[in-house]
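Undergrad: So the sequence lines, in the order shown, correspond to chains Z and H.
Each residue of the first sequence is one higher than the one before, counting from 0 in numbering that gives the first Met the number 0.
Each residue of the second sequence is one higher than the one before, counting from 0 in numbering that gives the first Met the number 0.
It should be emphasised that the hints constitute simulated quantities derived from the structure, not laboratory data.
Any given hint could be a false lead.
[What the hints assert, rightly or not] Not the full set, but computed from the structure, chain H residues with beta-carbon under 8 Å of chain Z:
no.	residue
1	PRO7
2	VAL11
3	CYS30
4	VAL31
5	CYS33
6	SER49
7	PHE50
8	TRP54
9	TRP66
10	VAL68
11	TYR73
12	LEU87
13	TYR97
14	GLN107
15	ILE108
16	ILE127
Ideal placement from N, C-alpha and C gives every residue a C-beta, glycine not left out.
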Amino acid sequence: MDFLDPKSIRDKICIVGVGNTKYGNFPETDAYGLGAEALKNALDDAGLRLSDLDGLVVNRIPSYERFSEMIGLKNQRFGFQLPAAGRMSALSVMLAAAALLTGQASYVGLVYGNNGRSVRDYYGGGDSLWSPWGFTSPGARHAMMFRRHMHLYGTTSEQLAHVGVTFRKHASLNPNAVMQKPYTVEDHQNSRFICEPLRLLDYCLINDGGVALIMTTADRARHLKKPPVYIRAMARADTYTDTSFYTPLDDFWYDALQQVAREIYPAAGISRDEVNALMIYDNFSPTVLFSLEGMGFCPRGESGPFVADGNLGLDGRCPTNTSGGHLSESYMQGWALIVEAVRQLRGECGARQVKNCEVVQYICATPIATSIIFRR
Amino acid sequence: MEYTKPLPKPDVWSRPFWEHAKNGVLATQACVKCGHRFFPPGPVCPSCYSFELEWKPVSGKGKVVSWVVFHQLYYKGFADEIPYNVALVQLDEGPMMYTNIVGIPNEQISMNMPVEVVFEKATDEFTIPKFKPQAGG
Chain Z
0 MDFLDPKSIR DKICIVGVGN TKYGNFPETD AYGLGAEALK NALDDAGLRL
50 SDLDGLVVNR IPSYERFSEM IGLKNQRFGF QLPAAGRMSA LSVMLAAAAL
100 LTGQASYVGL VYGNNGRSVR DYYGGGDSLW SPWGFTSPGA RHAMMFRRHM
150 HLYGTTSEQL AHVGVTFRKH ASLNPNAVMQ KPYTVEDHQN SRFICEPLRL
200 LDYCLINDGG VALIMTTADR ARHLKKPPVY IRAMARADTY TDTSFYTPLD
250 DFWYDALQQV AREIYPAAGI SRDEVNALMI YDNFSPTVLF SLEGMGFCPR
300 GESGPFVADG NLGLDGRCPT NTSGGHLSES YMQGWALIVE AVRQLRGECG
350 ARQVKNCEVV QYICATPIAT SIIFRR
Chain H
0 MEYTKPLPKP DVWSRPFWEH AKNGVLATQA CVKCGHRFFP PGPVCPSCYS
50 FELEWKPVSG KGKVVSWVVF HQLYYKGFAD EIPYNVALVQ LDEGPMMYTN
100 IVGIPNEQIS MNMPVEVVFE KATDEFTIPK FKPQAGG
C-alpha cells in the first residue's frame, strides 16, 4: 500500500494559539463553560476572532452542536466530537491537521472541557465482565501491568516514586498547577495504596478545567500574533489484542510505541537526542516508564533505574512534564501537556523554562499509542 | 444472607460461560477450525475469523501471572473484604481471566503460583469461578 510520504507534511501545520482555565473544583460551571473560557483564551493568544474559525473539534464536551450554538460559531464547515478517553487529545490534533492539509478548514479550534471533579467521576465501579470479581478502574489495570514489570525487570515502587517526585518539583514552578508542594520518595512510599502496588501519589489528579488550541496552516500562521509552533511529525499505532486485559501480557504497548518511534523520527528528520523536552501522558506513573521504553529513551526494562537517576528533571537528559503533568498540574487528558509543549517552544514557561527549547515530543501510551513532534 | 457483590450481566456471548459455571464447569470458546482457545467470548475466532465455535471445558488449572490488591472501595459488596485481591490467571489452555484468589492471605500470592478453579455460589442463578492454590503446588 502506498502512503503519503510523512516527510511531506513537515512544518505545514501549526499551533498558533493555546488557552486554558484554572484547574480545580468549579461546580458553578461545567464542561461547556470551561471549554468556552479556554477557547476564548486561545483565540486571544492567537490574535484571532471566533469568526475566523471554520473548524471545531470538541473533546469530552457532551454535544458539539450545543457547544457551537452556545459560543455562537457561524461559518463552520468542519467539525468532530471525540469521546472522553485521554488518548483522544493527540488524535484531535491529527484530525485537525488532516482537515487543514486537505483544505477542509482554514482555522480549527480544538476544545476540551472536563468537569470530572465537581461531578465526582470515580473512574471505577459499574458493571463489566470483570465486576463480579471486583476488578475495575484504569488505575487497577496499570497496577496489574506494573506488578508484571516489577517481576520481569526488578522495577521497584521506590524507582517509580521518582516519576511523581520529579513532576511535583516541576509543578512547584507552575502557578497553575493544582498541587505545588514538593514531596520526597519517602512521602511517596508512605502514601496509601489505592490499588496495590500503586499508591495515591501514582494516580493523576481529577479536576475541572478547560483547554483549547487553535491550529492553521503554516502560510496563514506567519501573520499571527505569536510565533507559530510547527507540527514536525505525527505517528500512531493501535493495539487491541487482549485489550480486555488492557495489553497483551508483557507488552506494555512496547510494540506499538516502537512502531511509532520507527515512523516518527525519520518523518521528523529529528533524532531522540535532539528532543529538548518530553510531554508524556501520565494518567498513572507506570505509563511514563512504558512510554520511555517504547519510544527508546532507555533500553527495555531499564526505565526504573532511568527515572531514579534523575533523567526526567529540568536539568536532566529528558526534561519531562515540565508543567507537573497529570500527576501534579491536573488531569487534562493530554491537552494541557500539548499546551505546555507549545509554551516551552515559545519560551513562555518562566521558572520552569527548558533552555534553548527547540523540539518537544508528546507521547501517549494507551491502546492507541500516539506521538507528535513539535518544533519552533 | 443477601449477596451484595456485583452479579454477572451476561450478554449473548458470555451467557454460556455463566451457564457452565453454574454447573461447576469452567469453559471457554474454542475454534472448531483452528483450535484456538479464547476468552472473553465473542462471535468469531480472533485468530482465524471462523464463525464455527464451540464451548469446551478447560482443566481449571492455571497460574497467577499478575495480581493487585484493592484498598479503595468501588463496590459496596466488597466492603467487608477490603483489602481484597484480583489476580490475572493464565489457564493451562492459554486464555487469561481476572479472578479472585481464595484460601490464602493476599501476602502469600506469588508470581507463577499454580492455581485451580473453585466455584462459589452467589445466587440461584449465578456461580462465580475463583481460584485457589493447587494442592501440592
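Undergrad: All hints, please: hold or fail.
TA: For each hint, the structure was consulted:
Using the Cβ-Cβ criterion of 8 Å, the hint placing PRO7 of chain H at the interface with chain Z is satisfied: the shortest such distance is roughly 5 Å. Using the Cβ-Cβ criterion of 8 Å, the hint placing VAL11 of chain H at the interface with chain Z is not satisfied: the shortest such distance is roughly 13 Å. Taking 8 Å as the C-beta contact cut-off toward chain Z, the hint placing CYS30 of chain H at the interface is violated, the least distance being around 16 Å. For VAL31 of chain H, the suggested interface contact is broken, since its CB lies about 22 Å from the closest CB of chain Z, more than 8 Å.
Hint status for CYS33 of chain H relative to chain Z: violated, with the closest Cβ pair at about 16 Å, above 8 Å. Violation of the interface hint for SER49 of chain H is found here, the shortest Cβ-Cβ separation to chain Z being roughly 17 Å, above the 8 Å cut-off. Hint status for PHE50 of chain H relative to chain Z: violated, with the closest Cβ pair at about 19 Å, above 8 Å. Hint status for TRP54 of chain H: violated, given a least beta-carbon distance of 16 Å to chain Z, over 8 Å.
The criterion of a C-beta within 8 Å of any C-beta in chain Z is met by TRP66 of chain H, whose closest approach is roughly 6 Å, and the hint holds. Because the closest C-beta pair between VAL68 of chain H and chain Z is about 4 Å apart, less than 8 Å, the hint holds. Of the supplied interface hints, the one on TYR73 of chain H holds, with its beta-carbon coming within about 4 Å of a beta-carbon of chain Z, less than 8 Å. Interface restraint check for LEU87 of chain H: the shortest CB-CB distance to chain Z comes to about 6 Å, inside 8 Å, so the restraint holds.
About 5 Å separates the beta-carbon of TYR97 of chain H from the nearest beta-carbon of chain Z, less than 8 Å, and the hint is met. About 14 Å separates the beta-carbon of GLN107 of chain H from the nearest beta-carbon of chain Z, more than 8 Å, and the hint is not met. Hint on ILE108 of chain H is violated. Least Cβ distance to chain Z is approximately 10 Å, over the 8 Å limit. Interface restraint check for ILE127 of chain H: the shortest CB-CB distance to chain Z comes to about 5 Å, inside 8 Å, so the restraint holds.
When held up to the earlier numbered hints, the structure conflicts with 2, 3, 4, 5, 6, 7, 8, 14, 15 and fits the remainder.
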